[in-house]
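Participant: Given only the sequences and the hints, what does the whole structure look like? Please build it.
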Amino acid sequence: MTRNPEIVVISDIHLGTYGCKAKELHAYLQSIKPKILILNGDIIDVWQFKKSYFPKSHLKVVKKLINFATKGTKVYYITGNHDENFRKFTDLELGNLKLCNKLTMDIDNKKTWIFHGDVFDASVQHSKWIAKLGGKGYDLLIQINNIVNWMLVKMGREKYSFSKKIKNNVKKAVKFIGDFELTASELAIENEYDYVICGHIHQPQMREVITKKGRCTYLNSGDWIENLSALEYGNGEWKIVYFDDIKEELYTNSTSEDEELVDLQIADIIQLKNIAI
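All residue numbers for the sequence shown refer to the working numbering, where the first residue is 1 and numbers rise by one.
Hints listed in this document are in silico derivations from the structure and should not be mistaken for laboratory results.
Errors might be hidden in some of the hints.
[What the hints assert, rightly or not] Straight-line alpha carbon distances no greater than 35 Å define the calculated DSBU-like cross-link-like pairs of lysine-lysine that follow:
no., residue 1, residue 2
1, Lys-60, Lys-35
2, Lys-50, Lys-154
3, Lys-63, Lys-74
4, Lys-159, Lys-60
Facilitator: Set out below in structure tokens:
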């Protein structure tokens with residue numbers, strides 16, 4: 001029951017952190033076989049990487065991503081701020097896997113601009129220590145939220161997202177998201193792009209932006225900590241796919257067959273992180 005979208009974009013997985021929903025992501029990845037897979041930043045969280053925490057579920061995701069490349073899918077790894085140390089290897093190509101800072105491509109004769117989006121974040125660009133401290137605080141918030149949600153489920157109640165509540169009710173957070181989307185869109189319009197695709201702000205989105213200079217479609221793939229979302233392109237259109245909307249189908253159609261995966265151990269991940277630093 002594998003689906004075959006032409007293009008899949010995922011971002012902000014944050015492998016190596018407690019908030020990463022690696023099991024759910026692996027189930028989603030098992031359900032697709034895209035021609036092109038774009039990893040739009042913050043895939044392995046080098047900022048918060050710990051040798052003591054990189055569970056098997058996270059390792060399975062890495063294996064699966066590499067497996068895509070070995071089986072014919074063109075994989076682009078666009079660096080973000082949490083994996084910015086990989087930027088020193090920009091334009092490195094290993095078979096079907098290419099590392100880059102941004103990506104431009106024509107999709108059905110429409111110019112497309114893809115990048116992570118941290119370039120618009122002043123805290124990342126000018127006060128990196130504040131951004132890193134904020135990242136640790138966010139990870140702690142997610143850990144606490146996971147415990148609370150476990151208790152809510154036990155009591156038969158719906159899960160609750162602390163960070164979504166904060167984002168939706170704090171005016172500065174709402175304004176930042178709006179400014180981010182508008183800035184990316186305005187730059188895309190000025191450079192005559194039809195699509196601009198970002199990550200970074202963990203906010204899935206797909207909307208048309210119109211200015212005096214033109215129009216473009218802004219897309220954001222969301223994240224795999226809270227929203228568990230991806231962008232898929234096929235049959236001439238983009239759509240946002242949420243894990244929660246397809247999880248019953250994924251688990252119903254899953255099999256127990258083992259994949260032919262490359263031999264990758266946790267030591268290799270640690271070595272990769274050390275090389276990046």
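Participant: So, for every hint listed, does it hold in this structure?
Facilitator: Quick rundown of the hints versus the structure:
no. : hint             : in the structure
1   : Lys-60 / Lys-35  : holds, 21 Å
2   : Lys-50 / Lys-154 : holds, 30 Å
3   : Lys-63 / Lys-74  : holds, 15 Å
4   : Lys-159 / Lys-60 : holds, 26 Å
Checked against the numbered hints above, the structure breaks none of them.
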